[in-house]
Amino acid sequence: MSNLIDLSISELHNILKKREVSAIEVTRAYLNRIDNVDPKIRAYLTVTADKALAQAEDADRRLKKADAVTPLTGIPMGIKDVICTRGIRTTCGSKILENFVPPYNATIMEKLEAHGAIMLGKLNMDEFAMGSSTENSAYHPTHNPWDLERTPGGSSGGSAASVASRTCAGSLGSDTGGSIRQPASYCGVVGLKPTYGTVSRFGLVAFASSLDQIGPISRDVTDCALLLNAISGHDDRDSTSASRNIPDYTGFLTQGLKNYTLGIPKEYFISGLDSDVEKSVKHAISALESQGSNVVEVSLPHTDYAVATYYIIAPAEASSNLFRYDGVKYGLRVADYKNLMDMYIKTRSQGFGPEVKRRIMIGTYSLSAGYYSAYYKKASQVRTLITRDFKRAFEKCDVLAAPVAPTAAFRLGEKIDDPLQMYLSDIFTIPVNLAGIPGVSVPCGLTSNGLPIGLQLMAGHFEEAKLLTVAYNMELALGLCENWPIP
Amino acid sequence: MKITTSEIEHVAQLARLSFDPSEIENFTRQLNDILVYVSKLEELDTRRVKPTTHALQLTNALRKDEVRPSLPIEKILSNAPERENGGFVVPKVI
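As you go down the protein sequences, you meet chains A and B in turn. The first sequence: position 132 = 132 (our numbering), numbered continuously. Take any residue in the second sequence, count from 1 to its spot, add 1000: that is its number in our numbering.
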């Protein structure tokens, strides 16, 4: 049998179901892998070995009785530390939540537990999911498994690096402006941001509530569909949750591309786009074309305004959401203070890192008296224009294909002192969040120095099935990037 | 300059944050860069455009007003920095 940690979720499920291997054995293999590899990668903030082994015992009982077995029963997963896990510390990558132990589970954790999935631990991230490199974690940076001196991307850097370094079989991340897709692209794995409202946000620590969405990171597209099946669905504890029937997303994958029209947004192929990235993305598009899809050029004319729009809206929402960290109900409270106001200010100033403070400041400024119209209202209007661009594009095509990011993974430290440059690495992922549509990153090539490149596919609201069909066909055409020769 | 150091100090007060004098200069410069960048939205005429605050057109999600089990008080208080008699303790306000 090949090494357990090299198997995809669907492959693991097959041998678990046949009892060729136990969930305990699989879990032990992953815990060993974490011990051996994670000291270099540092994807995990917390490893929950005892809980994982107890869950594995439970999964084995289910598998033995063939009772309530699903494709995720006995599958070891990693969870971004922005998702509340009952009884397990949830830090959000922040010192202000260093000792926070949620008394409840996020809805998706209840779903995963109902499936008998196993949690190996909590994964590193930029503080409060604000960042594109995981360097804003208050604990430590995470390293890209393809090149340890490079960032795995962010904010779900731990979620992508753990899947790529085989320290979990699949993971969950969250995506507010690209935080699943960009790290998936940098680490050579598949990452999906579902349509806003598809996955419950109950128990997801809020960053920008109108943009945040939880999604899966996996080794291949089939696993992505399996994970999406498990976490989607209406939740009456999230008032923005959509009530729709969730199809079996794996059922669409093997459909061909005969009736598909792919749109290529010309604004995503701009100067500043790395030439290796451009080459790989175009190669992937021609592979999809040779499989039978039509290819048309489309225009998303307001693309160039998306980053500016996002950096008003997201900080505005964040500044309001993050007012809850006041040293009263949970989280840090400093030891020395003169009065209530002094306690608030000292607690927040010591508890938050620089990027979180920057965003709180931008948000507070843009919402303050006299500035609301010039900033927040204006940005909300441009958000309408960006959404309209997508609607028009989807009249001409089913799925849009473009790069995920202008470059492959950059070096640790390269952009940390220049917040604006860091923000611009999300230029191609942000529009998707503003419009609330789904987007997926699928590996499509390597740079000349051997770093993974991702193709981004985007579809209309609730068109995840189309997205995954195209993604699956591309994977069939190109194969998994771990098998590609370094150019 | 879009924003001055004294404005930064005012906004920091609103945001319940404080900055060392050594940090504030760098911070003012970074915030300025960001505000200059986002001001590119002024290029667009949006007079007739309705704002979008939410990606999906959702209406109020209401559920039946019925009592459901909730977490016990001691669980809710378990993360509080200071607690007493089933409540959160805060510095004296009045």
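I should point out that these hints are in silico values taken from the structure, not numbers from a laboratory. Just so you know, these numbers come straight off a predicted model, no measurement behind them. Treat the hints with care, as some may be off.
Said to hold, decoys possible - Computed list of lysine-lysine pairs in BS3-like fashion (alpha-carbon distance at most 30 Å, straight line):
#1 A:Lys377 <-> B:Lys1002
#2 A:Lys329 <-> A:Lys51
#3 A:Lys338 <-> B:Lys1092
Now the hints, each set against the structure:
no., hint, result
1, A:Lys377 <-> B:Lys1002, "holds, 18 Å"
2, A:Lys329 <-> A:Lys51, "holds, 27 Å"
3, A:Lys338 <-> B:Lys1092, "holds, 10 Å"
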